[in-house]
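Single-letter residue listing:
There are 2 protein chains.
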Amino acid sequence: MVATLWHIPGDADDPLPDTPMPPTITPLPLHLSAPFTIAHGTSTRRTNALVQIGGGWGEGALPPYYPHRLDDIAGYVRALPDDLLTGDAALHLEHALDRLPDGPEPARAAVDMALHDRWARQLGHPLYRLWGLDPADSPLSSYTLAIPASEDALREQLAALRGFPILKLKLGTGSLETDEAIVRIARDTTSARLCVDANGAWSVDHAARIIPRLAACEVLFVEQPIPDEATADWKHLRQQLPADAPPLIADESVQTSTDVLRLHDAVDGVNVKLAKAGGLREARRMIGLARTLELRVMIGCMIESSLALTAAAHLAPLADYADLDAFLLIDDDPFVGATMQQGRLTLPERPGLGVQKKPSE
Amino acid sequence: MVATLWHIPGDADDPLPDTPMPPTITPLPLHLSAPFTIAHGTSTRRTNALVQIGGGWGEGALPPYYPHRLDDIAGYVRALPDDLLTGDAALHLEHALDRLPDGPEPARAAVDMALHDRWARQLGHPLYRLWGLDPADSPLSSYTLAIPASEDALREQLAALRGFPILKLKLGTGSLETDEAIVRIARDTTSARLCVDANGAWSVDHAARIIPRLAACEVLFVEQPIPDEATADWKHLRQQLPADAPPLIADESVQTSTDVLRLHDAVDGVNVKLAKAGGLREARRMIGLARTLELRVMIGCMIESSLALTAAAHLAPLADYADLDAFLLIDDDPFVGATMQQGRLTLPERPGLGVQKKPSE
Chain A
827 MVATLWHIPG DADDPLPDTP MPPTITPLPL HLSAPFTIAH GTSTRRTNAL
877 VQIGGGWGEG ALPPYYPHRL DDIAGYVRAL PDDLLTGDAA LHLEHALDRL
927 PDGPEPARAA VDMALHDRWA RQLGHPLYRL WGLDPADSPL SSYTLAIPAS
977 EDALREQLAA LRGFPILKLK LGTGSLETDE AIVRIARDTT SARLCVDANG
1027 AWSVDHAARI IPRLAACEVL FVEQPIPDEA TADWKHLRQQ LPADAPPLIA
1077 DESVQTSTDV LRLHDAVDGV NVKLAKAGGL REARRMIGLA RTLELRVMIG
1127 CMIESSLALT AAAHLAPLAD YADLDAFLLI DDDPFVGATM QQGRLTLPER
1177 PGLGVQKKPS E
Chain B
827 MVATLWHIPG DADDPLPDTP MPPTITPLPL HLSAPFTIAH GTSTRRTNAL
877 VQIGGGWGEG ALPPYYPHRL DDIAGYVRAL PDDLLTGDAA LHLEHALDRL
927 PDGPEPARAA VDMALHDRWA RQLGHPLYRL WGLDPADSPL SSYTLAIPAS
977 EDALREQLAA LRGFPILKLK LGTGSLETDE AIVRIARDTT SARLCVDANG
1027 AWSVDHAARI IPRLAACEVL FVEQPIPDEA TADWKHLRQQ LPADAPPLIA
1077 DESVQTSTDV LRLHDAVDGV NVKLAKAGGL REARRMIGLA RTLELRVMIG
1127 CMIESSLALT AAAHLAPLAD YADLDAFLLI DDDPFVGATM QQGRLTLPER
1177 PGLGVQKKPS E
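Protein chains in written order, with our numbering: chain A, 827 to 1187; chain B, 827 to 1187.
For reference, chain A alone in the conformation it holds in the complex (with noise of 0.2 angstroms):
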């Protein structure tokens, strides 16, 4: 059922079809504008899942560095039951999301976006309206600087990037002083307000060194500064920082809402990202949840297409920080959705995720 050749079945502006169709599962390429290079390597392309249920549309994301592969996404979406697809079961949401089996995070999270997706146009609204929300309250996104070749390459980008209002940095280049140094540069080039991400690239005694570093140069947050694995790791770090340091937001040490619950209080905050939680249900769980601990909330993603963007953009007016500009560096978006200008997202206005297949050139 894994299509091979690259092509998007069906459309968004396609009405929802009457009879049950099998789902389809279909590769979805992305090319980088420029090598992205992270903590956790280098990427030049991803390839992402693309899941159409019923009339709805989900993406899963498969960076490099988790342990999914398109194979995975096929094999849990061809075993789903039979009526997930079929009758009222797009109006019964809910009971759908609590049917899903377990099984890879990227692939519930596609199956989860494509029956809010199905689910919201059946409704005849746009996502964001029947979870109540209004789009002017989410907050600026952060646009992300991938780690630089050389100084040179980061003075270049930081031009470009002039009138971005939030910049966040990707940390973790091996050596703490060529880490503060990225900073430091970024702070003498722009006004722009900058957020830090070192993928846990530090240990607790480097992170306790060069966040307090860093907050000279007034840093909004310091995103998943050591490795994943331990709680205690974070309480350590928390103890030897001033009070006044920056925030911790955990990310990959936070997948669910399980997480969101042990850490909270060794953290901040935490970065709720659809292919972590499995889904838009999960991730409104764990922002809820998060609300009631008293953490900050930040809305992230992956390298994906305008399709995850846009069903994570739904989310942003529940958040205090947004990081969703990733649909900005790649070449080969196949969707329009949701926008951004200089951070300012706007949501489409259509039922269901809003998304709609790029028109061809």
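Bear in mind the hints are in silico, worked out from the structure with no lab data behind them. In this text, a Cβ means the ideal position worked out from N, Cα and C, and glycines have one as well. There may be inaccurate statements among the hints.
[Claimed, not checked] Anything over 10 angstroms on all C-beta distances counts as not near chain B; from chain A, calculated:
#1 864
#2 894
#3 951
#4 1001
#5 1007
#6 1015
#7 1056
#8 1066
#9 1071
[As the list claims (entries may be wrong)] Across the chosen pairs, the derived CB separations fall in these ranges:
#10 B/1146 - A/912: 19 to 29 angstroms
#11 A/1175 - B/1029: 52 to 62 angstroms
#12 B/871 - A/1070: 49 to 59 angstroms
#13 A/893 - B/1146: 27 to 37 angstroms
#14 B/1069 - A/912: 40 to 50 angstroms
#15 A/1117 - B/914: 20 to 30 angstroms
#16 A/950 - B/871: 50 to 60 angstroms
#17 B/1184 - A/1061: 53 to 63 angstroms
The hints should help you fit chain B onto chain A, whose structure is shown.
For chain B alone, coordinates are given in the frame of chain A:
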């Protein structure tokens, strides 16, 4: 702004008003068909608060054993910011709920309910549909028997309730022997499933003594056996009970998500009520959290009209147990909404909460 005469302004059949109207607060007197005795005392009538906001209706329950009165509700509603009531505010439910000031839970519950009603009516769907729920997933509701005045009165009531599939027996008579006798008589008289609610009347030692004896009567669960104060008491009780004791459900001990977190490893389930949670949104958060924590969920009620009962019934598809019978206990329910036949709940299919004023007779 509190109307002194008994009059419900407007009707859910009226179109949503074009221009913002000030919210109204009206007393909602309810007469019980029979005196209702629980461990907290006896009631023959209650006066709840009816709140109307821009065409949406909400009810705040005011049981005599909670501290709030109608004037507190009126004061709270009068102080609401004007812009909760105007323009696009009706569409931006989450934003409006985020901005509700702290205040008495029944006041927040009534306002939250009215805002949900208005929002769902504006979107043109029943509330349960906007939550993606299938009413067919609702569990059967229990029917509550107050503490009987005599053994004969109990037998008479049990005979009248023939056919009800689940009966909830109120205990806490002051005598463990009488409490146990109530359950034994019920067990010998009816084939209904039984559950019990002590409303916090037992000490830990008494609870540890009586619960195994009730278990012999195949009791489904035991609700609030001990007073609500201390988490440690729940743990202490659990340690004294055999592993196969019926599940312990916390009611008075659990108001909001914070309590669910605090108690989650001391109880087996929680009774979620709108008047305690402060409304539908917090109730849904509590349910999501309880699921994450693998707790059982009951949707319960106070002595309320069909308005608040119907609001709670929209949540029933998310619950393991429903205890939504109060509208069967009152003589002068001015509303019609969800209905119940032998424990089976039926939700109205009209937009919003779907509640209407009863036609005058």
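Tell me, which hint numbers fail for this structure?
-> Hints 3 and 16 contradicted; others consistent.
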